[in-house]
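Colleague: With the sequences and hints as input, model every part of the structure.
Protein sequence lines, in the order shown, are assigned to chains W and A.
Add 63 to a position in the first sequence, counting from 1, and you land on the number used in this note's numbering.
Add 2 to a position in the second sequence, counting from 1, and you land on the number used in this note's numbering.
Be aware that one or more of the hints could be misleading.
Unchecked claim - Covered stretches of chain W (chain A as the covering partner; in silico rule of three or more C-beta atoms under 8 Å from a C-beta of chain A):
hint	region
1	135-143
2	191-201
What the hints assert, rightly or not - Below, a list of computed lysine-lysine pairs in the DSBU-like style, where the Cα atoms sit at most 35 Å apart:
hint	chain 1	residue 1	chain 2	residue 2
3	A	LYS217	W	LYS122
4	W	LYS111	W	LYS163
5	W	LYS201	A	LYS285
6	W	LYS119	A	LYS354
7	W	LYS211	A	LYS223
8	W	LYS201	A	LYS97
9	A	LYS223	W	LYS122
10	A	LYS26	W	LYS122
11	W	LYS122	W	LYS112
12	W	LYS201	A	LYS354
13	W	LYS211	A	LYS217
14	A	LYS354	W	LYS122
15	W	LYS119	A	LYS296
16	W	LYS203	A	LYS171
Source of the hints: derived by calculation from the structure; they are not laboratory data.
Quick caveat: nothing in here was measured; it's all calculated off a predicted structure.
Using N, Cα and C, we set each Cβ at its ideal position, and we do this for glycine too.
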Amino acid sequence: MSIELASVHPTRLELLRLRRRKSMAEGIVDILKKDLDALTLKLFELVKKIPPLRDKMYKTLREAYELFVEAEMISGSRKIEGVSLAAQPIDFSISEDKKKGVLGIIFPTLQLSEENRASGPRFNLLDTSANLDESATKIKDALYDIVKLAEIEGSVRIILEVMSIKKRQMNRIQFKILPQLNAAIRYIELILEETERQDAVRVRVLQRKRKERALKHA
Amino acid sequence: MSAWKYKRIMPKIAVAKLKIMEPKEITNLAGMSLHHISSILEKTPYKAEISEIRTELTANSLEDALLKNFINTCEELMEMSPKRIRLLLSTFLMKFEADCVKAILRAKKAELDMDEAMRYIMPVGRLDEARCRKILEISENIADVAESLSDMEYGSVLEKAFAVYEEEKVFYLLEVDIDRHVYSKIWRTIGKLGGLDKKIARTVIGLEIDSANVKTILRCKAMGISEGQIRRYLIPVSEVFGEKELEEVIRESDIHSFINSLVRLARDAMSRDYQYIFTEIQKQNVTSLTTLEKLLDRGLIETSLRMIKRYTPYFNIGLLLAFLNLKWFEVRNLRTIMRGTESGIPPDTIKKMLLLPR
Chain W
64 MSIELASVHP
74 TRLELLRLRR
84 RKSMAEGIVD
94 ILKKDLDALT
104 LKLFELVKKI
114 PPLRDKMYKT
124 LREAYELFVE
134 AEMISGSRKI
144 EGVSLAAQPI
154 DFSISEDKKK
164 GVLGIIFPTL
174 QLSEENRASG
184 PRFNLLDTSA
194 NLDESATKIK
204 DALYDIVKLA
214 EIEGSVRIIL
224 EVMSIKKRQM
234 NRIQFKILPQ
244 LNAAIRYIEL
254 ILEETERQDA
264 VRVRVLQRKR
274 KERALKHA
Chain A
3 MSAWKYKRIM
13 PKIAVAKLKI
23 MEPKEITNLA
33 GMSLHHISSI
43 LEKTPYKAEI
53 SEIRTELTAN
63 SLEDALLKNF
73 INTCEELMEM
83 SPKRIRLLLS
93 TFLMKFEADC
103 VKAILRAKKA
113 ELDMDEAMRY
123 IMPVGRLDEA
133 RCRKILEISE
143 NIADVAESLS
153 DMEYGSVLEK
163 AFAVYEEEKV
173 FYLLEVDIDR
183 HVYSKIWRTI
193 GKLGGLDKKI
203 ARTVIGLEID
213 SANVKTILRC
223 KAMGISEGQI
233 RRYLIPVSEV
243 FGEKELEEVI
253 RESDIHSFIN
263 SLVRLARDAM
273 SRDYQYIFTE
283 IQKQNVTSLT
293 TLEKLLDRGL
303 IETSLRMIKR
313 YTPYFNIGLL
323 LAFLNLKWFE
333 VRNLRTIMRG
343 TESGIPPDTI
353 KKMLLLPR
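Modeller: Laid out in structure tokens, this is it:
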């Protein structure tokens, strides 16, 4: 879209076309600025959600670990380790969905789900204490928080990417296209002014010559 | 039968009971290093087993030493017990054999190699180290383990349970069946005791079984497991809370109404000991399962001690059962302290987790 001055036709029509292009470029810059504002707001909204969610996740993991150690203290670490060898594993799956967000940008939504939800306990209850169940539940809760955090991080990344694209587009228009258009417009204006001046001089010379010729005949 | 049958065992238990650590001595261990704890325990009956530790001193090695001591104590008492009590103690030791069988099954399920598997197995009674190694060596899978145990009752139990396992592919059902078998056998052995011994044993061990069932029901309910499923995990023998009674209380929606129903059942059965425990739980308005488990376990020690006060000691099984419970909870408390110390748990938190009679 760069404009080479040499290739610009210094005509009034071209000047009008360039002025139209300039006003359109300025309009685009305005729209891009508004988009950037909207994206920044969304970004702050998402970023604000991260620290409490991360704190919650750390707290849940810490509690899960404490409960696990308590379970080991009650039942014996070797027994807990032994029980874990044959405990029914839980298969988790993460389904990714798309959700339209701000400015129609598509954000990912992650959904954690248990694949094989057991109808009974996962290990022998007589050999373990309730702390182990609570610990397992907390770990599961933490997993949901981790997935939620990943979802937010994914959205933040997408927003940052879009913001950088928009910023690049805005910079290109503001600092490359608009100055080029201004230069071209100025160039055409100068040429046109020069032509006008030449035309005016030519008219005056012709008028003077016509007057002289009229006086000679008279 | 005359009290004369206790002439050998009771003096032994009375002396052994004196050697049980005082609650203050146990709480003082919280916060000490493992080496310090070990040096203190070397001045107690655990000396022999601790001195046998050849590996690095860890919470696990010390825990093994304590468990070995408990089993050795049971075996010593068994040797000098009268016939029926010897039978009860031998079935009581089956709980540890069952643990051993379960550990072998888990190791096979996880396809561990021999040395790795032996880390989780504590050989005991008829399942000594050589036997455990042989089972692990000749068994390719869980079915082979059941077959190699065919000379013991666990073989037939596993054989029956294996059909269900094959169908449902739920491993812990095998473990549940072993536990149910062991507790049922203990209960049948108690039935062979006579007079006061039977009464005391039914109360103390019945309470242990009922506590286990109550814990199972509440944990299952917390996990949202159906009533039909819960019934499969319960031990089918009981002193107060029989299958029929439990079936009613299983339907209760929350922990409070569940405890209220248990108190009512205990009152209907006119069981003072159950009333003490469940009324205490009711009063404390317990909402957490861990607290409830702690109160039930403490109730078990206190009931054992109450039996000694209620009936003349030395002439019945009360002292023996109280001693075994006190010893078991001493082992458990020491394990709690050592594991907590190793994990860097603050002493105050460790102290809160100890199970000491009030």
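Colleague: Each hint needs a verdict: does it hold in this structure or not?
Modeller: Quick rundown of the hints versus the structure:
Here's how the region 135-143 of chain W fares: 7 of its residues keep a CB closer than 8 Å to some CB of chain A, so the rule of at least three is met and the hint holds. With 5 residues bearing a CB less than 8 Å from a CB of chain A, the region 191-201 of chain W meets the requirement of three and the coverage assertion stands. Distance restraint check for LYS217(A) and LYS122(W): the Cα-Cα separation of roughly 27 Å lies within the 35 Å cut-off, and the hinted pair is therefore satisfied. For the hint pairing LYS111(W) with LYS163(W), the CA-to-CA distance comes to about 20 Å; that is within 35 Å, so the pair holds.
Taking the CA atoms of LYS201(W) and LYS285(A), the gap is near 28 Å; set against the 35 Å cutoff, the hint holds. The hinted pair formed by LYS119(W) and LYS354(A) meets the criterion: a straight-line CA distance of about 26 Å does not exceed 35 Å. A distance of roughly 28 Å separates the Cα atoms of LYS211(W) and LYS223(A); the hinted pair therefore holds under the 35 Å criterion. Distance check on the hinted pair: LYS201(W) and LYS97(A) sit about 31 Å apart at the alpha-carbon level, within 35 Å; holds.
Only pairs whose Cα atoms come within 35 Å are accepted, and LYS223(A) paired with LYS122(W) is accepted, the gap being roughly 25 Å. The straight-line distance between the Cα atoms of LYS26(A) and LYS122(W) is roughly 33 Å, inside the 35 Å bound, and the hint therefore holds. Pair hint LYS122(W) plus LYS112(W) holds up; C-alpha atoms about 16 Å apart against a cutoff of 35 Å. Of the supplied pair hints, the one linking LYS201(W) and LYS354(A) holds, its CA atoms being roughly 22 Å apart against a limit of 35 Å.
For the given pair, LYS211(W) sits about 34 Å from LYS217(A) by alpha-carbon distance, which is consistent with the 35 Å threshold. Distance check on the hinted pair: LYS354(A) and LYS122(W) sit about 21 Å apart at the alpha-carbon level, within 35 Å; holds. In summary, the hint linking LYS119(W) to LYS296(A) is supported, as the alpha carbons are separated by about 28 Å, within the 35 Å threshold. For the given pair, LYS203(W) sits about 23 Å from LYS171(A) by alpha-carbon distance, which is consistent with the 35 Å threshold.
When held up to the earlier numbered hints, the structure conflicts with none and fits them all.
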